[in-house]
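Undergrad: One letter stands for each residue in the lines below.
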Amino acid sequence: MIAEVKPTATATLTLDGVEVSFTEGETIYEVAERAGREVPTLCYDARLEAFGGCRLCVVEVDGMRAPVASCTTPATAGMVVKTTTDAIEKHRRTLLELVASENRENEVDELRGHASQELKSLLDRYEVRGGRFAGRQSGTSNSTDDNPFILRDYDLCISCYRCVRVCAEQEGDHAITMMNRGFEKQITTEFNGILKDSACTFCGQCVQTCPTGALGDRKAMRAESLPGEVEKTRTVCPYCGVGCSVDLLTKEDRLVGVQPAMDGPANEGALCIKGQFAFDFVQHEDRLKMPLVRDEDGELHETDWETALDRAADGFKKAAGEHGRHAVYGVASGRAPHEAAYTMQKFIRAGFGTHQIDNCSRA
Amino acid sequence: MATNQELIEQWWKEEAPLLPLLHAFHDRDGFISEEAIRAVADGLKIPVAEVFGTVTFYHHFARKAPGQAAPRVCTGPACKYLGAPELLKSLEGATPMACAGRCDDGVPVLQGHEVRVGRTADSLEKTPSPLPPPNPGNVEECVFAHIREPERNTMEGYRGYEALEKARGMSRANLLALITDSHLAGRGGAGFPTGKKWEMVEQAEGEPKSIVCNADEGEPGCFKDRAILDYDPHAVIEGMAIAAHATGATKGFIYLRYEYPETFQIVERAMAEAEELLGDGFKLYLRRGGGAYICGEEGSLLNSLEGKHPFPRNRPPFPVTHGYNDLPTVVNNVETLASVAPIVMKGAEWYRGLGLGEHAGTKLVSVSGDIQRPGNFEAPFGLPLLTLLNEWCGGAPEGRSIQAVTMAGVSGGFLAGDDLDVTLDEPSIRAKGAFLGAAGIMVFDDTRDMVEVAHCAMEFFAEESCGKCFPCRIGTQRLTERLNGAAGPADETKWREEVHDIGRTMMATSACGLGVAAPNITESLVKYFPEQVAASLKNGR
Ligand SMILES: Cc1cc2nc3c(=O)[nH]c(=O)nc-3n(C[C@H](O)[C@H](O)[C@H](O)COP(=O)(O)O)c2cc1C
Ligand code: SF4
Ligand code: SF4
Ligand code: SF4
Ligand code: FES
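Chains as they are written, first to last, in the working numbering: chain R, 1 to 363; chain A, 1 to 541.
Hints were generated in silico from the structure; no laboratory data involved. A couple of the hints might just be wrong.
Said to hold, decoys possible - Cross-link-like lysine-lysine pairs, in silico, DSS-like; alpha carbons within 25 Å at most:
id, chain 1, residue 1, chain 2, residue 2
1, A, K13, A, K308
2, A, K494, R, K90
3, A, K45, R, K196
4, R, K90, A, K527
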């Protein structure tokens, strides 16, 4: 039987004087974004349940006593919405001045994380230069957590709770939490400890959603002082069959970090510890750069490709000749490029005629 | 002593189990240990980090010894001038707490499950909370009409649930119409029409529905709900049962603030007495908060009940459709619910007629601070404020005069000078930029430093801000710093500009009423007391 398809109800509202249509269930923010409005946000991450904390997304709605947060307010038919009145823009500027005032600094290297420039770009857009609303700073950086992956520089935290929410809603780990109330609010783990003692799997999602760089990608940050611009190359993580999309970060010809692709169809911004942090092998000094063959003395010696390939071919032929085609079993490395993995299975299947081919990727 | 496992067994299957389970550990050990948090997380299947975060949200859950055994002294705006700072210093191991709802005979000191009251360490005494004095205006009352009768807080003294019986004989539609017709509106601050709220719950889809009695009463200077629950708890329970009948709700919760431990026992006893009359169709639960003003905000309260981090919820949806466990829920204030039974017995017209002029009904007002006769009073809506202050309460202490009063506890900000000439109703008070709200009125005489009073109020908001939204989390902190001189411009014009900019953005963009209301303090301070502000800036406060 064919399941009954509910017709999607559509309606219209007025957005900055223009009639736009929307689907029931959409929020004002979603409608505005689709219509090309650049409504500023800091606590918003499209993958997470709307939270309504930063209040930058406020808009005016006719008939409402006060502006409403567009990210949490459902669009309703006939609504008259104004996204950028003078009053609204003034509130946004004041909010940004307030947020800027609670941090040690507001400029961080882009290597800290995918979203790390969000606050800074908004401060630039609203020409907030700091200085107003001086006062005590919020958040205390955790200097004892010396894990090699995640910097916890909470002096820069603006309590948007994206990290807490991504860890709970996306990763399902509930490793991080919010301690205390109000201005004393502090992002931390259970019993205010270190990540290693928590439920954290070091997936790095908190790092990549943090809009200020309060959470930093320690591996990428090693390259902060290297010369050159950061370039991004879209590819797929080689480690397992999920196929997460990633952006490889390079500076000149060095691989310096990995960031998840927020629009990756398989991962939507998620990665695991391997895809996120395990890339050092690429430029590791122990890596083989020349073919090696073992001579009669039992030691490995550098040689040319011709010699090495001949030696390998002889060995394979011998084994297959004596014991049949199923005597050969291939295991490709998850650290090799996809093209190599493909060639490897072709080599085993077409070359030897066996299906005994595997890959070490088990993330 | 109960084992961890026994405590878990006792609670895990219960309704809204997190708070009572945390209290069980807190009571057993005097504080909530790491082991307890792990046991609770495991027992209720909540992530450890989340239980930890939630525990740290509440003031009164101690995490180490002496914990609960150490005294906590109210340093609220009224008690502050009754010797609280000195008392705090003289009691060993004492820590301050926000207004604990005993402003009419401060200073309350909370220790374990006991409140003692006094101005000095050796005069502390455990005494029942003050009973409302006979109505000084000799006007007809609704909520307080019987509260002074002896043994009124027992079923025998209350003489059964006559109104409930009558209500149960009525159709839902008629009952809803009666409440709507009485013009009863929320007495917890927001003034939403009660009949309409009930009707929305009655019409909403989803079951089981709940009635939640908001007895969190955390607003400084408000202590009326305490008086009702201490002396007339059956009126509230009966009101809840009538609401249940009107809406089809089958569950009820009373969410009582942590700072009223004696009240907890009184209500618990009354609930046991009422069980039979309520019957199987309406099951009532009593829950004790952990100390957090924001848990009086209904969304935050519901999250707290459900064992979640007590942030306010985004609205819409509202509790009438998405309340307790996301199901239709009535959240009503204690006073609102206590008004219901008399309305059922005497009718909508009678109730409306209690107000003056075109105003319907009555409002309980808590008066405290620099006033001859502080206490709880039931006033008709429309009563002139000066009649209440001077005639009912005897005016300022001998030789002094009233400089300012607060409205809605501290949320409404100050009224002073000619603006004291208002009547007790929202239109009149809102016209002056304040609001009546839950009607806590704190009086400050001409000797008080109003900048200091404002600082005390703003510090309260900063400490109670939940931290969910930027304008309030940062704004209350920055305003506090500007009131005590910890930060901010020394130049008066710049100071005013910053304070006003912060305040305006808080009012317009905060996610809940706390952040919206807090700047009323600074706005009204600047409006009525510009010279005091200027002087304090000059003195480098
Ligand atoms: C910060 C804040 C604190 C509140 N505290 C209380 C409270 O202690 N008691 C209460 O009844 N309502 C309180 N309210 C109002 C509740 O959100 C809600 O409107 C009320 O309980 C509804 O009941 P009513 O309609 O009977 O007034 C508070 C609201 C805010 C914003
Ligand atoms: S790295 Fe992943 S699992 Fe660890 S805290 Fe961050 S989001 Fe949670
Ligand atoms: S650490 Fe970053 S993501 Fe987490 S709350 Fe702070 S600013 Fe937001
Ligand atoms: S206004 Fe204050 S109390 Fe209310 S949600 Fe925002 S931070 Fe929390
Ligand atoms: S994006 Fe709406 S409040 Fe932050």
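Undergrad: Can the restraint linking K494/A and K90/R be considered satisfied, given a maximum Cα separation of 25 Å?
TA: 17 Å, holds
Undergrad: Quick one, are K13/A and K308/A close enough, alpha carbons at most 25 Å?
TA: 17 Å, holds
Undergrad: Against the 25 Å threshold, does the CA-CA distance of K90/R and K527/A hold or violate the hint?
TA: With Cα atoms ~23 Å apart, K90/R and K527/A stay inside 25 Å; holds.
Undergrad: If you draw a straight line from the CA of K45/A to the CA of K196/R, is it 25 Å or shorter?
TA: 21 Å, holds
The structure meets every hint from the earlier list without exception.
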